Structures are given as C-alpha cells and as structure tokens.
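Here the structure of chain A is known, so what remains is to put chain B in place on it, guided by the hints.
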Amino acid sequence: MASTVSSDARVDVAASPPRPNVIEVRDLTRRFGEFTAVDGISFDVREGEVFAFLGPNGAGKSTTINMLCTLARPTSGHASVAGFDVAARPKAVRRHIGLVFQEPTLDDQLTAQENLRFHAVLYRIPSDEVNERVARVLDLVDLSDRRYDRVSEFSGGMARRLEIARALMHVPGVLFLDEPTIGLDPQTRALMWEDVLRLREEANVTVFLTTHYMDEAEYADRIAIIDHGAIVAIDTPQALKATIGADTVDLQTTDDVAAVAAARRNGYRVEAGADGVRVFVEHGETAVAPLIAAVGVPVLHVHVHQPTLDDVFLHYTGREIRESHAEAMSPRVRAFTRARRR
Amino acid sequence: MSSAAPPANIADGPDTVLREEVRTAGMVWLRELIRFERTRARILSGLVQPVLFLVVLGYGMSGLVGTTAGFDFKKFMFPGIMAMSVVTTAIFSGMSIVWDREFGFLREMLVAPTSRASLALGKTAGGATVAAAQGTIMLILAPLIGVHLTALLVLEIIGLELLMAIALTAFGVFVATHIQKMEGFQVVMQLLLFPMIFLSGALFPLNGLPGWLGVLTHVNPLTYAVAPLRQVVFAAQDMPAAARQRFPASVELFGHTLSIGTEIAIVVVFAGIFIALAIRGFSRME
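Line order of the protein sequences matches chains A and B.
For the first sequence, our numbering puts the final residue at 342, and the numbers step up evenly by one.
For the second sequence, our numbering puts the final residue at 286, and the numbers step up evenly by one.
Think of the hints as simulated: they come from the structure by calculation, not from any bench.
These numbers come from a predicted model, not from an experiment.
Worth double-checking, as some hints may not be accurate.
[Stated by the list, open to error] Short, incomplete list of chain B residues facing chain A, as computed with Cβ under 8 Å: (1) E20; (2) T24; (3) M27; (4) R31; (5) I34; (6) R35; (7) R101; (8) G104; (9) R107; (10) E108; (11) M109; (12) V111; (13) A112; (14) P113; (15) T114.
[What the hints assert, rightly or not] Derived coverage of chain A by chain B (criterion: at least 3 residues anywhere in the stretch with Cβ under 8 Å from a Cβ of chain B; other residues may be distant): (16) 96 to 109; (17) 113 to 125.
Backbone N, C-alpha and C define an ideal beta-carbon position, used for all residues, glycine too.
Just chain A, with the same shape it has in the complex (with noise of 0.2 Å):
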C-alpha cells in the first residue's frame, strides 16, 4: 500500500516542462577543524521535488540540512536556497523554509493552535490571515479536531504532524525535514510519509528531508546517497536501482550442475554458487514459471530478489546501511554484489 501511494503522487520530471531550482548547492563544505563533515557536494532540488538525501549516521546529513537552514555556516563553497545566499542572507532564507528538526521543538504546555500562533507572529504573518491559515495547516496534516487541545496530550506521531503543520504556517518555498520519521512506529510512519506526499501535492511545496531508513528513502522522486560527507550516487529510485542490476532468482534443485547447464542452453545468465544457482533476469516475477520449464530438473527452492536501495547502498559504499527491523540480506548476496562491482 504505501509503495502504490508513492507511484501515484511522484512528478513526472520527464514529462513536465522543465521546473526552476529552488535549492542550488555548489563545492559546500564544512570542516570541524581536522574533521571533513560535508566534502564538497553540489546537487540541486527542483520545485516541487521530493528530494531524499539518504546516509548512515554522521555521513554528513544533519550538517548539510544545518547549512541549507543557514544554522551553521558552510568552510567553503556556495548554496542558495529559495533564490537566496544560505551565508549571505541567513534571514530571507529563513523567511522562504520550513523546518522540522529531529528532535520536538513544540511547548506540550500550550494547545496546538497556541503554537501554531506563536510561529505566526515571528514568522509576521499578517494577524487577520493567522486563524485563516492555522485553520488550513492543521487540515492538511488531519489535526483539526485537536486545535484546542494540549500538545502534552498529543502522540508521537501527531505532534510530528503538528511540527509539519507550522512549519508551513508561513508558506514557505521548500520543506526541510531532518529525519522526520524517527522514532515513529512503522504505521505512523507510513502515514506520515502520505501526509508528506500530499502536502508536495495540496501546498506545492519542495521537501527536502534527510533518512538512514532505505525504504522511506523509496517515496523520494531522487536520492542522493551521502557517505563520509560525499554524494556518491544521485538519481530517481528506479534509476539507482537499475544501475545495479537486474532481479535475481536463486534456485535449489535436486542437480544444480545440470540445471545450470540446461538454463545456459535456453539463453540464461547464470551463475552457479556453493548452495544454488543463480539466474539474472530481467523481471524476477514473471521469469519462474519459464525459468523452471527450462532447467529440466526438480526444483526444490526458489527465491526471487529484486534489487533495493540497500543493495544500491552496498554498491556504491561497500557497507550497509540497514537497521535492525529491515530483512536481513543473506551473505551470498552481499558476494555477489560485490564480485559484480570489481
């Protein structure tokens, strides 16, 4: 389910006319003394982009959002988000984002129309227009019935939806979310990345958010993958996946060596490993049933694998990125992964 929502709201690029850059990030570096956080990186974010930039933690994530959201300032090299200078003009900057940090930035004291109304006023939106638009945030992120109500008394996930909510109290160019999801459950999670997708539809804005989680970074219309505070892959899901390969079905059967022989004669790519055989295809699905007409002998096993952000994140880092709740990947893949890189 959440991967259909992910197809139908992504934006055609290739099919729109061309959309201006609303983030432009030129050679941006950041050094803490010896220590190269952010290497010079130079990418840009289209209008109304979902754009994901996915690492480990301490690839450098956090310190690039910071100097997007001009809360740090960049060693060297140049960015501009919203049309202005992220060093020259911090303010102007400031005026034209949104910004949802990791960590809560809400008073569970005040109710979350309090605090919606406190964003307004120092971000000087006009006093007649503050109800008005207190009113639409909190519809768009589904919190209308909680307006009056404590955010001590809000769940996780709703005061993450509340933080999402004033963050486009003022209206702003592009959306910055550092780790938006962490610490949800997967469920609140999943729909908070519908609510996200939604908002890029309904408030027209570009988000830029930061993940370690690979199948969050799925939602994004393109991933820059950053590692020791490089970008080391950039490109839409499906374009980085299909750098790697094709699916893979792994198949035991009762006499491999034959079986290998007999897909070969039927035009197969195959590899025969310690415990199975492995065929490249190019759809995993669909090429079973033919697949196994076409080895001639018993099959006792079959596992098919099509390549994940995991796998692209293997190829290009040589690491994984995975966290504990994510399928673990059998050693033999990461083999084979890696011959296919040398």
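The following block gives chain B in isolation, referenced to the frame of chain A:
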C-alpha cells in the same frame, strides 16, 4: 496554499519592523503568562517557601527580638518575604530558557527570522509579570501579619515588584543563556539565589554585619530593591519612632542614608545592565 499571500515583505520600512518586533516580544510575553496560569502547582509551591519563612522564622524571631512599640519582627519581615517571592520567581522564570532548550522550544525561537533582542525582552517582560503577580499574591497574608494595606500602597508595591522582577528576570535570562545543562540550573540557584536573598536585608536588618559581609550586601542589587519595598510598607503603617529606630528600612552607604529615589535609581541601572547582558546572551546563543 499556493494561492495564499507570500510571506511578509522583507523590504519593510522601519515602522513595520518595529511593530513586528513588538508583536514578537508580546507573543513571548503572552506565552509566559499562559504557562504560568496553566501550572497552578508552581504558583502554589511558589507560595509555600515564603509562607514557611514568614511563619517559622517570623514567629521564632519575634519571640527573640520582642515587640518595639507594638511593632514586631513579622512586620519587618513581610516586605522582605514578598521580595523573596518575587526574586525567586523572577530568576526561575528567566532561567526557564534552560527548560526551553531541554524540551526543544528554544530552537523554534532561535531559528525564526526575528531579532533576538525581541525574544530576550519578551522573555524578561513575561517572567517579570509572572514574578510580580506571584509577589502580589503574598498580600493576602498582610492582614494575618497585621500589616495595614491601602490602595496606594498596593500600587506602590506592584510597581516596585515589577522593577525588581524585571532586573532579576533579565539576570536569570542572562545566566541561562550561558548554561547548557539542567544541572547548571541547580548550581546557580544554590550559589547565587540564596546568598543574594540572605544578603539583601529581606530577612533581617543589615546593620551590625561584619565589614566584609557589609561589602557583599552593598554590591548585591537585591539590597537596593528590598529597601524601597520595605520603606513604602512602613510608611503606610502607624509606626512609632522607636520602632523605626529598631527596624531601619533604608540602605546605608558610606555613612549616608540613601533616599528611596536613589535606591530605585540604582535598581534601574542594574536592570539596564542585566537587560543588556540578557540581549547579548540571547544573541550569541546557537
């Protein structure tokens, strides 16, 4: 939302900027009041300590000191206890920035495209209002102590409490901007607040202290804030000369008795310095 008006024009004139900064400070002020009103437990616990001092210390010392022309030690203490209540609440309110940092809300304020001075001033005004309110609540004890209240006296008390509260809240804000951790808060309360209260003349007359302690009382801003409060309260009482002799209210400096105007002026200067330091501290926070 794309149809909504764009964010406020950044090329606003000075009038608009000033109006917006005042609006910001007003919002920060309002938040302090809302929070104060919602934490009734804090209001109550803010009353317990001064009442305890007044009852236990007041009655205990009254027995020891005795009554001079119908005027006892509890009456002497009463204005001091009010001051103590104001000061504790003021510093606590100013230092609630440490809480704001801990629970994240400080970040919402610091990243906003607004001037830090407005935030610092709003916080100071809010904390000061709350502190003066807390001190004024103490007036309900006046009949019990036998302190006579007039409408004018109440107004004078509120005015002096506000001034004292502004100075001390700004001081609390200044200190809080230099504290990263909650533990630092406890240290400050122990090392600064209590000595300041004890060496201010709030709880006992300052005459007859050894020289080095006398110096400390005279560099203590609170000394000059407590004295006027006591003077206006005493002025409204039917107080014989003997009692005035026994329980002096004014500050003695270099052999001179300071006038209430001088004392107030000194507090104003301290307030100005603390506000400047609070704004500077707020501006440098990350």
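Results of checking the hints against the structure:
1. E20: This interface hint holds because 5 Å falls under the 8 Å limit.
2. T24: holds (6 Å)
3. M27: holds (4 Å)
4. R31: holds (6 Å)
5. I34: holds (6 Å)
6. R35: holds (5 Å)
7. R101: This interface hint is violated because 10 Å lies over the 8 Å limit.
8. G104: holds (4 Å)
9. R107: It holds, given that the least Cβ distance between R107 (chain B) and chain A is near 5 Å, below 8 Å.
10. E108: With a closest approach of 4 Å, the E108 (chain B) hint holds.
11. M109: holds (7 Å)
12. V111: This hint holds: V111 (chain B) lies near chain A, its Cβ roughly 6 Å from the closest one there, short of 8 Å.
13. A112: Hint holds; A112 (chain B) Cβ to chain A Cβ min 4 Å, cut 8 Å.
14. P113: holds (4 Å)
15. T114: holds (5 Å)
16. 96 to 109: It holds: at least three residues are needed, and the region 96 to 109 of chain A offers 10 whose Cβ sits within less than 8 Å of chain B.
17. 113 to 125: holds (count 9)
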